[in-house]
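Enquirer: Protein chains in written order, with the numbering used here: chain Y, 21 to 335; chain L, -5 to 394.
Do not rely on the hints blindly, as some may be mistaken.
[What the hints assert, rightly or not] Distance windows between CB atoms, simulated:
1. A386/L to K301/Y: 54 to 64 Å
2. D278/Y to D351/L: 54 to 64 Å
3. A344/L to V81/Y: 41 to 51 Å
4. A281/L to L316/Y: 50 to 60 Å
5. P250/L to G135/Y: 37 to 47 Å
Keep in mind the hints are simulated off the structure, nothing from the lab.
As the structure is a computational prediction, the values presented were derived from the model and not from experiment.
Cβ coordinates follow ideal geometry from the N, Cα and C atoms, glycine included.
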Amino acid sequence: MKGVAALAVGTMALVMPLGAQQQGVFRAGVEGVRIDVIVTDDDGPVQGLTSPHFEVYDAGVRQAIESIETPGTMALALVLDRSASVRFGTRVVRAFEPDPPSVPPGWPTLVDYAGRMLSLLGPDDEAGLLTFGGRIVLHARATRDHDGIRGQVEALANTVQGTEPFSPVAEAVMTGASLVANRPGRPVVALLSDGIDTASWLTTATAARALQRAGITVDMVSVPRTGGHSEGFAGGPYPPELIAEATGGRQFEASSPDLAEQLATRFAELRSSYVITYTPKGVEEIEGFHEVEIRLVGVKGRVQARPGYFTGAGR
Amino acid sequence: MSSMRPWPLAAIVSLLLLPAGLPAETGRQDYQALIDEYRRGDAEAAVTKLAAIGPDNIDRLRPATSVEQSPWDWAASILLRTEAKHRYFYTHFGWSFLRAPRSQTIDSWNRVRDRFEGPSLREVRALVGHAVRTGDERLQAYCRAWYIAALHGSARKFFIESRDLFRGEPEVLLARGRYLEFWMGPDPRYVRHYSGWAMDWGRYFEFHLDAPEWNEEERDVWVAWETPWFRTVHGTFGTWARRALETYREALDADPDLTEARLRLGRVLYLVSRHGDALGEFERTLADARTRREVGTAYLAALFAGQLHEFEGRTIEAAASYRAAIAVCPSCPSAPVALLSLYLASGGDAEGWQAMDTLLRDAGDDGNLATDPSATYVIFPGSFLQGQRYVALRPWVRVE
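Okay, chain Y solo, but in the shape it has when bound:
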C-alpha cells in the first residue's frame, strides 16, 4: 500500500494552481561541456597528462580546453535489477514459448557482482545503492561507508518478496545518475540487469541522450535475457546496453569467467580518467547530436570517451 500512501501524500498539492508551479531556467545555447576521458596503452591507464596532450573537436571545430582535472576517485551508483525476469529467470517471461530454453535466475549473480564492485572501491570512492522492480527503492545515497552498503546488498540477496511485474530500467538508471551527478570523483552508474524494460515512461533512447549530455557514464553488467520470440523481442534496436555505449561506458557479461578482473581493470581506468571541460565556440547552434572527438598530442594511447552530446529536446 506504499504506492497508495505515496499518492495520498500528494493530495494537498491538488489544490495548487498550475501557474503557481516553478518553471525553472532554460538556456538557449550550450554552456560548459564536460567530457570524461580515459587514456590507456598496453600497460593500462596513462597518467600524468595535461592540457597540451589533448585536442578537443566539437562537430569538427577545435575547442579551447578550459580545464583538465584528474579526480582520482569515483562516485559509483549501483543500480540493481530485482524485477521478476531477473529473479525468476525462465519461469516468468518465456511463458509464450512451447519449449523455453532453461535460463537460470540472474539475481544471485547480480548480487554477487554488486558486492564485488564494492570491494573494488578505494577508501575515497563513494557508492550509492538503489534497486528496482515494481518500485525504485533508494537504499543508500552516495557515501564512503562501503561496509554499510555491502551489508544492504547481502540483505537483498536473501529477500524473496517485493517483486512486481514492472521493470523501469531507464528510469532507474536516471535515478541512479542523480545519486552521483554532483559528487566528487568520476560519476558512474553501474547497471546490473537483464535489460528488459517494461515500465519506464522515458525511452532508453531518451535516457541515453540525457545522460550523454550530462556526462555521466553508465556501465552495464548483464545477465541473459529470458523473454521473447526472437532476438529482437527483448533487445530491440535500442536496448539499455546502448546507454552504456552512448555514455562512454562498458558492457560486461556476468557469465564471463574473468569478469572480476575486467571490473578491477575498469575501476582503475575510471579512477585515472581525465575531466576535460570547454565551452563550445564556433559551433553551429543546432538541436541535435554534437560529435566530440578527443585526440592525443605527443602521446601514444587509446582514448575512451562518450562520442558526443545532444542538445535540444530529446523525446
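Take the given structure of chain Y and dock chain L to it, following the hints.
Expert: Frame of chain Y, contents of chain L only:
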C-alpha cells in the same frame, strides 16, 4: 456515484438462475476471523494475510455463516478476496513462480484471478439473490458498486459478466474503452522495445520503433513489413482508436465527472495526433481531478500534458506540467525523470538534478518510491485506480 440506481430486472433474473451453492470446506473459522478483522479491525492486515495464503488454497475458504445469517460478512468476503487478489499481484506475485517452475506461465495470471475471484463471483451471486429476496436495497447497491469496481481489474469472464449486467453504464463503458485503447498497441512515437506482458500484446512484441535514428519513411517500412494491420484504411491504429474515442465520449456523455474516461479520451486524441483537442481534455481532467482529489488521474493528466508540450517543443509549458505532476505525487518517479531529461536537453542541469534530489528526499523511510501510475496505464488494460476503487468500498462493510 451511481451505486444507488436499481438493478436491471434482467440482471437480477440471470443472477438468480446461476448456481450459488457453496460446498462445506475446512478453514472456515480462520477465514471468518480474517473477515472479522477486515470489518472491525485492521483491514490492511487482513488483506495482507489473505494475499499471503496464495491462490492454491484461497478458494477453499468460506464465511463461517450462511448468507442469510450474516449477509454483510459475505459482502465483506467478496471485497476482501478482491483486494487480496490485487495485493497478491502487486506484492506477492513472485512466490508462486518459485514453487512451480515450469507450469507457471502468464496464463496462470488468469488462474490466480480465477482462484481469488471464482469464490467471489459465487458469493456475490448468492448475495444478490438474498438481497433481492429480502428487499435489502443497501445490500443491492453495495453488490452493484462491487461489481462495477471489480470489473476494472479482473479476469475476462468476470468482465463479461459485469458488462452484461450493467451494459451501457458509464463505468462499464470506461472499462470497455480501456480495452479498446489497450488493443491500439503502443504509441509508435515512444514505444519501448518491450512493452507488455498480456497475451493481447503478443502481436506487438515485434515492433522495432524505438530506433534512435527514427524517421517517417523508415517507420512505414517497418510497420508495413512486421505489422500489416497497424496501418489500415482506418488510420494508424485501425478501428481501435475510433472505437475507443467513441466509447469514452459515450461514457462522458453519461457521466461527465468520470475523470478517468476524460484522461483516456485525451490520451487517445494525443495518439491520433489531435494535440489541441487532447490538451483541452488533459487540462480539464487535471482541474476536475484536483477538485475531486483523484491523485492518480491528476498526476497522469499533468504528465501526459507535459509529454504533449515537449513533443510540440514548448519547453516552458512542458516543465510546468511536469512540475504540476510532481506536486500531485512527489514520490512518483516518471515526472521528475522526464523533467530531468527535459532540463538536461535544455542546458538546465542544476534544476534537473534538483528535481531528482527532491524526489529522493520524498522517498519514504524505507526508500520506496511509488510505482508510477504511468507504468500501470501502459502495461495493463486494467485501471491504474484499481486499488483505490477497492479501498473506497471498505466503508460499506466496516463496523466502526
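Enquirer: Now look at each hint and say whether the structure bears it out.
Expert: Comparing the hints with the structure gives:
At roughly 60 Å, the beta-carbon separation of A386/L and K301/Y lies within the given 54 to 64 Å, and the hint holds. Roughly 38 Å separates the CB atoms of D278/Y and D351/L, a value that falls outside the hinted 54 to 64 Å. Checking the proposed 41 to 51 Å range against A344/L and V81/Y shows it is violated: the Cβ atoms sit about 26 Å from each other. In this structure, A281/L and L316/Y meet the distance hint of 50 to 60 Å, their C-beta atoms being roughly 59 Å apart.
Between P250/L and G135/Y, the C-beta spacing of about 56 Å breaks the proposed range 37 to 47 Å.
Of the numbered hints stated above, those contradicted by the structure are hints 2, 3 and 5, listed in ascending order.
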